[in-house]
Amino acid sequence: MAAEIITSIFGDLTPLATMIVLVFGALALPGIQMFRKKCVVSWAFALILAVAALVIDICLLVDGYVGTYLGVVVTPYSTLMSMLFLIVLFFVVLVSNSSIETTKNHAGAYYSLLLGATTGMLFVVGSTDLLTIFVGVELTSISSYALVALKRKDGRASEAAVKYAIVGGMSTALTLYGISMIYGLAGTTTISNLATFVTVSDTFNWAFAIGMICMIAGYGFKIAAVPFHMWAPDVYEGASAPVSMFLATGSKKMGIAVFMQVFLVMFIAAATLGTVYGEVAQYTFAIIAAITMTLGNVVAIAQNNIKRMLAYSSIAQAGYILIMMAVMTPEAMAAGTFHMFTHVFMKGGAFLIVGALICAGIGEKLSDYKGLAKKAPFLAAAMMIFLFSLAGIPPLAGFTSKFFLFASAIGTPGETYAEWVWLAFVAILNSAISLYYYARVVKAMYIEKGSDTEKVKIPATFMAAIVLCLIFVVVLGVYPDLIYGFCEMAAYAI
Amino acid sequence: MSMILTSLIVIPFIGAILALLMGGSREKLSKYVAIAFSAIELVMSILLVTGVFGAFDTLSESFQWIHNDTFVINYALTVDGLSILMVFLTSLLVLLVNIFSLDEHRENNNYFYALIMAMEVGLIGVYTAADYFLFYIMWEVTLIPMYFMISWYGGPRRHYSAIKFFIYTHVASLVMLIGIFALGYMSVEPGAAVDFSFAAIKSGIASAALGTQSLIFALLFFGFMVKMPSVPFHTWLPDAHTEAPTEGSVLLAGVMLKMGSYGIIRVCIEALPDAAAYWQWLIIAIALISIIYGAYGCIAQTDLKKMVAFSSISHMGMVMLGIGCLSQAGITFAVFQMFAHGLITAMLFMVCGMTGHKVGTREIPLLGGLAGKMPMYALFMMIAFMASLGLPGLVGFWGEFPVIMAFYEFILENNVIWMLLFCMLSLMLTAGYYLWAMQRTLFGPETTKIDLTHAHDVAKFEFAALAVLSVLVAFFGVWPDAALQFLEPYTNGLIAAIGVI
Numbered sequence: 019m020a021a022e023i024i025t026s027i028f029g030d031l032t033p034l035a036t037m038i039v040l041v042f043g044a045l046a047l048p049g050i051q052m053f054r055k056k057c058v059v060s061w062a063f064a065l066i067l068a069v070a071a072l073v074i075d076i077c078l079l080v081d082g083y084v085g086t087y088l089g090v091v092v093t094p095y096s097t098l099m100s101m102l103f104l105i106v107l108f109f110v111v112l113v114s115n116s117s118i119e120t121t122k123n124h125a126g127a128y129y130s131l132l133l134g135a136t137t138g139m140l141f142v143v144g145s146t147d148l149l150t151i152f153v154g155v156e157l158t159s160i161s162s163y164a165l166v167a168l169k170r171k172d173g174r175a176s177e178a179a180v181k182y183a184i185v186g187g188m189s190t191a192l193t194l195y196g197i198s199m200i201y202g203l204a205g206t207t208t209i210s211n212l213a214t215f216v217t218v219s220d221t222f223n224w225a226f227a228i229g230m231i232c233m234i235a236g237y238g239f240k241i242a243a244v245p246f247h248m249w250a251p252d253v254y255e256g257a258s259a260p261v262s263m264f265l266a267t268g269s270k271k272m273g274i275a276v277f278m279q280v281f282l283v284m285f286i287a288a289a290t291l292g293t294v295y296g297e298v299a300q301y302t303f304a305i306i307a308a309i310t311m312t313l314g315n316v317v318a319i320a321q322n323n324i325k326r327m328l329a330y331s332s333i334a335q336a337g338y339i340l341i342m343m344a345v346m347t348p349e350a351m352a353a354g355t356f357h358m359f360t361h362v363f364m365k366g367g368a369f370l371i372v373g374a375l376i377c378a379g380i381g382e383k384l385s386d387y388k389g390l391a392k393k394a395p396f397l398a399a400a401m402m403i404f405l406f407s408l409a410g411i412p413p414l415a416g417f418t419s420k421f422f423l424f425a426s427a428i429g430t431p432g433e434t435y436a437e438w439v440w441l442a443f444v445a446i447l448n449s450a451i452s453l454y455y456y457a458r459v460v461k462a463m464y465i466e467k468g469s470d471t472e473k474v475k476i477p478a479t480f481m482a483a484i485v486l487c488l489i490f491v492v493v494l495g496v497y498p499d500l501i502y503g504f505c506e507m508a509a510y511a512i
Numbered sequence: 085m086s087m088i089l090t091s092l093i094v095i096p097f098i099g100a101i102l103a104l105l106m107g108g109s110r111e112k113l114s115k116y117v118a119i120a121f122s123a124i125e126l127v128m129s130i131l132l133v134t135g136v137f138g139a140f141d142t143l144s145e146s147f148q149w150i151h152n153d154t155f156v157i158n159y160a161l162t163v164d165g166l167s168i169l170m171v172f173l174t175s176l177l178v179l180l181v182n183i184f185s186l187d188e189h190r191e192n193n194n195y196f197y198a199l200i201m202a203m204e205v206g207l208i209g210v211y212t213a214a215d216y217f218l219f220y221i222m223w224e225v226t227l228i229p230m231y232f233m234i235s236w237y238g239g240p241r242r243h244y245s246a247i248k249f250f251i252y253t254h255v256a257s258l259v260m261l262i263g264i265f266a267l268g269y270m271s272v273e274p275g276a277a278v279d280f281s282f283a284a285i286k287s288g289i290a291s292a293a294l295g296t297q298s299l300i301f302a303l304l305f306f307g308f309m310v311k312m313p314s315v316p317f318h319t320w321l322p323d324a325h326t327e328a329p330t331e332g333s334v335l336l337a338g339v340m341l342k343m344g345s346y347g348i349i350r351v352c353i354e355a356l357p358d359a360a361a362y363w364q365w366l367i368i369a370i371a372l373i374s375i376i377y378g379a380y381g382c383i384a385q386t387d388l389k390k391m392v393a394f395s396s397i398s399h400m401g402m403v404m405l406g407i408g409c410l411s412q413a414g415i416t417f418a419v420f421q422m423f424a425h426g427l428i429t430a431m432l433f434m435v436c437g438m439t440g441h442k443v444g445t446r447e448i449p450l451l452g453g454l455a456g457k458m459p460m461y462a463l464f465m466m467i468a469f470m471a472s473l474g475l476p477g478l479v480g481f482w483g484e485f486p487v488i489m490a491f492y493e494f495i496l497e498n499n500v501i502w503m504l505l506f507c508m509l510s511l512m513l514t515a516g517y518y519l520w521a522m523q524r525t526l527f528g529p530e531t532t533k534i535d536l537t538h539a540h541d542v543a544k545f546e547f548a549a550l551a552v553l554s555v556l557v558a559f560f561g562v563w564p565d566a567a568l569q570f571l572e573p574y575t576n577g578l579i580a581a582i583g584v585i
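Chains as they are written, first to last, in the numbering used here: chain A, 19 to 512; chain B, 85 to 585.
Hints are computed from structural coordinates only; laboratory data are not their basis. Values in this document were obtained by computation on a predicted structure and should not be read as measured data. Some clues are possibly wrong.
Some chain A residues flagged as far from chain B (calculated, every beta-carbon gap over 10 Å) [claimed, not checked]:
no. : residue
1   : Val80
2   : Ala164
3   : Ala287
4   : Asn323
5   : Ala425
6   : Ser426
7   : Ile428
8   : Lys461
Derived DEER-like restraints, expressed as beta-carbon distance ranges [as the list claims (entries may be wrong)]:
no. : chain 1 : residue 1 : chain 2 : residue 2 : range
9   : B       : Leu496    : A       : Ala320    : 28 to 34 Å
10  : B       : Met460    : A       : Asn322    : 50 to 56 Å
11  : A       : Ala478    : B       : His243    : 32 to 38 Å
12  : A       : Lys473    : B       : Lys544    : 36 to 42 Å
13  : A       : Ile465    : B       : Lys112    : 37 to 43 Å
Each residue gets a CB set at the ideal place from its N, CA and C atoms; glycine is no exception.
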């Protein structure tokens, strides 16, 4: 079927097919920009490649393709996660041409970096070794630093880029140091071998624990888990809206994917058997999850800049997703993966609206949103739906995925986990807190009177992307089986 | 499979969408759209009650919705003796509210009517759902329209009240959601998928240990109790009512509070009867405290509408008391009290709303002698107050008196005669605050503290709504069997199934 066509084109290289497409684009784009100065050419080229990669990936996913080439392993898990990253890429590229702040003068470089960063993500989800994962993460990170810095004339963007690069460099150093310690003790960097090492160890080794902590801290920076979150609000605020969206929904998910591939795979057997490292790891992740979601939500209440608020709410959402790292069951993993998908659409949609409004000359302060319902009825309604979905109001996607996720912390059929019910309670209380700051935005848009009532016009590409997100937020809410089935397959594949 | 029950949800939904689209120049039309669709809904529910579609308890519907390795979730609807009364009450009150509001003109009428119709979708959904997932979704669907109703069309402190209402009840429903998860997981064998349908959980949970059951009961009960609301989680209600527009208050007190007591019977009692017996004393205690505290609260209020809000707390406490007896009579008349309170409280809030609208203030100390100026208004207020304090011959009597009888049996069984004092106290207080309020508002010398020259009597559409309610209040007061005939088969079955007498 569809996968066979792809196999016939790419042959042995099929596992790398999506990456080949993206790398080709990343290399070609600066050249195209040189000969064709118009941004729209680069944009169309990047968009076509993003769609092509997405189509290839979906074909592989639907056919359940499994394969290996040069250490890149394709399973339902990696194709599912690739699909997530490619969807993000598609949305970001789609709107980028209208968001003048990013594309002016460097369209070629911009799209090239976006494709490059996404290639890194795809590489990460196909890897099974600490070092290859590290390389993939670096490819993404370094491209992202440059992406943030592209808004050159803006002081905030430069500050954000510097901050992001320094913090990112720190985290890289930490990670590498951690990997070296672990290699020294276990003698391997292949994750499956490490998992065996962890499972059979019956004494607690501090050096190994410190190595692990370095790695958790290093990758914790990527997903902005508390206490490694400080950079996120500044960077999201400083970067242009499409780039913020790319970081919040794409790059952050890559961090979570790393968590799943490295720590989950390493500790799941140990956790099931109840050996020493398993328990410690579970509680560590539970505490990180609880603190991350609570701090994210509480601080978000105080924000008056919508982008910053969304940044903190992203931190909180990462906390919810980390629940799966504590619970460590296939159900939790499936639910966590599903929440990542719904998060892409609802958070992505919210960022898109912020970006669209910036294009239309409306600021990013909460007070700028006053009376938006009069100025842009559709955008206000869409924003309300995205925010309510983030808060977990049924029947939207955010509710369904949180339902699965929190349910997985409370138990599996026939059993309730006494040890994780508190985590579910914390998560649910957090959901209630989060409602407060989301409702503030809704209140500003719908209840408070704005200064003018002139209708807002936004670019068509933004409109298309927002409508797509909206459709998915509603459809995944009432028909989660569309993706949830794949999430279960992925969870068992990992 | 017939789609009658689905159509009950779809009709108001279409009404809401159409009303929403009637913006700008067609704004006036939106109210007629709302009236038309709520009238169709009422006709449908009357046909359902009278059995034109066949006996209503044979009309269950179920469609596969979310099926995976962990969850089996169906779109399932059903109607029985308990829900049929609530469905009827909901469709009746929504239509009457729409008619009542015809005399008033407000900005953005189309949003207003869309909200009312959207609320009806959620309410009917809650009362007909036969699957916990659907039940929870519908439960939350009622929340958002009410939030906007208060914060767009409410009084001066509306933003505060709306947020308080939203967060209070949302937190409660999240706790309930945890209870639902636990209910699901504990009702199946390890490894099987959790089936969230009411029937599957009811049969599955029965084998769980009493300790587990009572813990789950506590979670669910908390969720429902905040909605009812019971003391000490009642504080959102007076605020919400004081600020909500009349139409919002009528629906809030008339049918939304009943979601709480409906949930207690449908979920807590039906699925977890042993746990209910375990917590029986706590339920009774909460009920008595709500009754007495609510009544005392009424006496202290100077705002007529706030007084009625507190009386709702007291009367919903009466519902809880009936449920707490865990006997056939107790539960039957608790449900009847829900129905009766729905009718009466709708009248009460309409009358209070008219006071604010026509006289300009609802502060009791500023009012006086309104009967001479507004005789029809005074008549409706008297009917509503008398019905609410339980005058024999009106519907309120059949809500309160038999519940107290059922409680009396409980008292005799447990040898706690002194508890009867609470009942007597509550009756005295209720009569007291109503009569006192009536005396200060309607009778005595005409007030000079406010300008009454512009006060005019009941307008024609308001009259129509209130007249229909008055007739029903009298009708069910004289012939309560009209409602009880649906209810008794249900409670007999319930008591036989749970085996607690």
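Hint check results:
Taking the minimum C-beta to C-beta distance to chain B, about 17 Å, the non-interface status of Val80 of chain A holds against the 10 Å cut. Interface exclusion of Ala164 of chain A from chain B stands, the closest Cβ pair being 41 Å apart, more than 10 Å. The beta carbon of Ala287 of chain A sits about 20 Å from the closest Cβ of chain B, which is more than 10 Å, so the claim that it is off the interface holds. With a least beta-carbon separation of about 21 Å from chain B, Asn323 of chain A lies farther than 10 Å from that chain, consistent with its non-interface assignment.
For Ala425 of chain A, the condition that its CB be more than 10 Å from all CB atoms of chain B is violated, with the nearest at approximately 5 Å. At roughly 8 Å from the closest C-beta of chain B, the C-beta of Ser426 of chain A falls inside 10 Å, breaking its exclusion from the interface. Under the 10 Å C-beta cut-off, the non-interface status given to Ile428 of chain A relative to chain B is violated; the minimum distance is some 5 Å. The claim that Lys461 of chain A lies off the interface is violated: its Cβ sits roughly 7 Å from the closest Cβ of chain B, which falls inside the 10 Å cut-off.
Our hint of 28 to 34 Å for Leu496 of chain B and Ala320 of chain A is violated, since their Cβ atoms are close to 58 Å apart. For the pair Met460 of chain B and Asn322 of chain A, the beta carbons lie near 52 Å from each other, so the given range of 50 to 56 Å is met. For the pair Ala478 of chain A and His243 of chain B, the beta carbons lie near 36 Å from each other, so the given range of 32 to 38 Å is met. Taking the beta carbon of each, Lys473 of chain A and Lys544 of chain B are about 40 Å apart, inside 36 to 42 Å as hinted.
Distance hint check for Ile465 of chain A and Lys112 of chain B: the Cβ-Cβ separation is about 24 Å, which falls outside the suggested range of 37 to 43 Å.
When the structure is compared with the earlier hints, violations turn up for hints 5, 6, 7, 8, 9 and 13 and for no others.
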